[in-house]
Amino acid sequence: MAPQTRRLTFPKVFIERETDSEPSSSDEEEEEEEVEEEEEEKVVENKNVDEERMEESLEAKKKGKAPITISLKKVCKVCKKAGHEAGFKGATYIDCPMKPCFLCKMPGHTTMACPHRVATEHGVIPAPHRNTLNPLAYVFERQIRPDILRIKPAFVIPDQVNCAVIRYHSRRITCLEFHPTNNNLLLSGDKKGQVGVWDFGKVYEKMVYGNIHSCIVNNMRFNPTNHDSVYAASSDGTISCTDLETGISLSLMNLNPDGWQGPSSWRMLYGMDMNSEKGLVLVADNFGFLYLVDTRSNNKIGEPILIHKKGTKVVGLHCNPVQPDLLLSCGNDHFARIWDMRRMEAGSSLHDLAHKRVVNSAYFSPLSGSKILTTSIDNRLRVWDSIFGDLDSPSREIVHSHDFNRHLTPFRAEWDPKDPSESLAVIGRYISENYNGAALHPIDFIDISTGQLVAEVMDPNITTITPVNKLHPRDDVLASGSSRSIFMWRPKEKSEPVEQKDERKIVVCDRTEKKKSRKYGDESGDDSDDDKFTSKGKKLKSKSNKPEWKLTRCSS
DNA sequence: ATATTATGACCCC
DNA sequence: TGGGGTCCCTAATA
1 MAPQTRRLTF
11 PKVFIERETD
21 SEPSSSDEEE
31 EEEEVEEEEE
41 EKVVENKNVD
51 EERMEESLEA
61 KKKGKAPITI
71 SLKKVCKVCK
81 KAGHEAGFKG
91 ATYIDCPMKP
101 CFLCKMPGHT
111 TMACPHRVAT
121 EHGVIPAPHR
131 NTLNPLAYVF
141 ERQIRPDILR
151 IKPAFVIPDQ
161 VNCAVIRYHS
171 RRITCLEFHP
181 TNNNLLLSGD
191 KKGQVGVWDF
201 GKVYEKMVYG
211 NIHSCIVNNM
221 RFNPTNHDSV
231 YAASSDGTIS
241 CTDLETGISL
251 SLMNLNPDGW
261 QGPSSWRMLY
271 GMDMNSEKGL
281 VLVADNFGFL
291 YLVDTRSNNK
301 IGEPILIHKK
311 GTKVVGLHCN
321 PVQPDLLLSC
331 GNDHFARIWD
341 MRRMEAGSSL
351 HDLAHKRVVN
361 SAYFSPLSGS
371 KILTTSIDNR
381 LRVWDSIFGD
391 LDSPSREIVH
401 SHDFNRHLTP
411 FRAEWDPKDP
421 SESLAVIGRY
431 ISENYNGAAL
441 HPIDFIDIST
451 GQLVAEVMDP
461 NITTITPVNK
471 LHPRDDVLAS
481 GSSRSIFMWR
491 PKEKSEPVEQ
501 KDERKIVVCD
511 RTEKKKSRKY
521 GDESGDDSDD
531 DKFTSKGKKL
541 KSKSNKPEWK
551 LTRCSS
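Using the UniProt record's numbering, the first residue of the first sequence is number 1, and each one after it goes up by one.
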C-alpha cells in the first residue's frame, strides 16, 4: 500500500510535545517519526486509546502547549527516512539506498547494483602487481616452489550434502578439524566449549565432550606426534590436551588462575597452532600476547611476547608448513604479521600486512607456504602471491560478503590443501541470494589467483549461514559448520554412502537446554528422547521443495 | 506470531 | 583511553 493512501486511511494524531526546549528541525523530524510507528500500532489495535490520546492532546493544547502533528507514513527501518523500505521482499533483500553498498562498502549503489556482486563472478581489485623479485628472492622462489603447478588442474567441488549431524552441538560451531590420518574423523568445537568427535563414515558414530572447556573453543589442532590427542585454545583462558580415546583432558596453561576478576583482566586464548619441528604449541590471547608451550614438558617457555597492539585480540596463528621458523599472526589491530621464530620480541616482525578492518584469519599456502591468504571484515579477501616478493600491498583484493561480526562465528577463507596450484579457497557467504524463492547463503569456492567464483555450494535445507568450512586434506570432501549443525559435502558424482549402503546419512541430535543442565560430558542418555528428533525432522522436510534428506533418529 | 537474547567491533567524545 | 551508544540479511527460544 502506498504511503499516501495510508495517510488518508488513519486519522491524524496529536501528541504532546515532550520537551519545552527549542528543537532543531531535524530533531523534530526524527522525534515525529519515532512516535509515528508506535501510534500506528495503537490505532489499529484500539480506537479508544487513540481517542483518549486525542483528548489528552487537546487538553494540552488548551493549556498552551503546542502539539505537533503526526502523519502516518512508512519509513525505512535502516535510515528511518520515508519513500523507500529496506528488508526482505520474498527471498530477496532490498538494500537501503541511503547507505553505502552492503557488499563492497562504497557509496552510490546498493548490493544489487554492486559491480562486485557475487553472482557469476567476484569483483577483484588487482592491487598494483609489484612482485618484482630480487635475485635472492629468486633463489628462494626456485628452491621452495618447485612443485607448485603453474597450470591449474580442474577443480573438484564437493557440492552435495553427503551426510550431516544436525543440532549436534548445543551452541554454534566455532571450528572444525580433520584427523591427520583417519579419513573419516572430524573434530568440532563450539561456543559453549564442547568438543565433538564424529566418524562421518559411520554417520551415527559421534561423541561430544562437554567438560574440556567452559566457553568458546577458538582453535583446535591435532598433536602432530600423537594423532590421538588434540590441543584446543579457549576463551576460558586455558589450552587443553585431550586424549580422544579416553576423553581425558589436561590443561596445559591457565591464564585466569584467580578466576573472574572482571572483564578487564579476564584473558582469553584465540589463535593457536602447533610447531612440530620445535615441539611447541603457540597460542595468543585477547591482549596481544603470544605464549609458547613445550609439548613434551607441558611447560610454558619464556615470557609472553607482545605480537599485536596491546589490548587487542590475536585471533589467528599459523606456522609456515615449509619453513618452521616463519610464523604468521593476525588480529583485531587490523594487521597480519610475519615473524621469525628465532627472533620473537615485541616490534620485531618481519612484515606487517595492513588491512582496513579486523583480520579474521591469515594462512600461508598449504604446500609451498609461499602465498598468504587473509580474510578481513572489510569484506575483502587478500592474497599475497609470494612472501619473497613485495609485501607492501596485496597482489589481489577480492570483494566477498563475510563481514558480520557478532552472533556468528567469524568467517575464514580456507585453502584447499589438495590443490597443487594453491589457488582454490573456500569461504561461507554472509549475504543471501534468492535461489528459487529461498534466501540461501552459499559456500563459495574462489580461485584466489583470479578472484573468480568457481562454485557456490548450497542446499535448500540449509537456511542458516555457514561461516565455518574446512576442506579434507586428502579426499574431495568439505566439512561445514552452520549454526549448531555439521554438514559433510561430496561431489555429486561421488555422493555414494561413505562406508556402506546406510540410510542414516543425516543424524538429528537435539541437545536441548534441559539436557544441558545434566552433568558435563554425560552422553549416555542422549538417545532417550529420540521422538523429538523425528518431529523436528519432518518440519525441516516440509520446508523444502527439492529432493529431501532422509532424516533419521539418532542412534549409536 | 513476535519479543528477547547472546554478542562484537567501532565510533565518538 | 575507555565507556556507552549504535549497528542492514542471526538463530533459537519463549
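These aren't lab readings, by the way, just hints derived from the structure by calculation.
It cannot be assumed that every hint is accurate.
[To be verified] Below are the DSS-like pairs computed for lysine-lysine, each with C-alpha atoms no more than 30 Å apart in a straight line:
1) Lys-74 x Lys-105
2) Lys-81 x Lys-152
3) Lys-202 x Lys-192
4) Lys-300 x Lys-105
5) Lys-310 x Lys-81
6) Lys-99 x Lys-81
7) Lys-105 x Lys-310
8) Lys-192 x Lys-309
9) Lys-152 x Lys-202
10) Lys-310 x Lys-278
11) Lys-300 x Lys-192
12) Lys-77 x Lys-356
Everything numeric in this text was worked out from a predicted model, so none of it was measured.
Against the structure, the hints come out as follows:
Of the supplied pair hints, the one linking Lys-74 and Lys-105 holds, its CA atoms being roughly 26 Å apart against a limit of 30 Å. Annotation: proposed proximity of Lys-81 to Lys-152 is violated, straight-line Cα distance about 50 Å (limit 30 Å). Under the criterion of a C-alpha separation no larger than 30 Å, the hint pairing Lys-202 with Lys-192 is consistent with the structure, at around 26 Å. Distance hint between Lys-300 and Lys-105 is unfulfilled; the C-alpha atoms sit about 43 Å from each other, more than 30 Å.
With a C-alpha separation of about 41 Å, the suggested pairing of Lys-310 with Lys-81 is violated against the 30 Å cut-off. A distance of roughly 11 Å separates the Cα atoms of Lys-99 and Lys-81; the hinted pair therefore holds under the 30 Å criterion. Distance check on the hinted pair: Lys-105 and Lys-310 sit about 28 Å apart at the alpha-carbon level, within 30 Å; holds. A threshold of 30 Å between alpha carbons decides the hint, and for Lys-192 with Lys-309 the separation of about 28 Å falls inside it, so the pair holds.
For a cut-off of 30 Å, the pair hint linking Lys-152 to Lys-202 is broken: about 34 Å separates their Cα positions. At most 30 Å may separate the alpha-carbon atoms for a hinted pair to count; Lys-310 and Lys-278 meet this at roughly 27 Å. For the hint pairing Lys-300 with Lys-192, the CA-to-CA distance comes to about 26 Å; that is within 30 Å, so the pair holds. Our distance criterion of 30 Å between C-alpha atoms is met by Lys-77 and Lys-356, whose separation comes to about 28 Å.
Comparing the model with each numbered hint stated earlier shows that hints 2, 4, 5, 9 do not hold.
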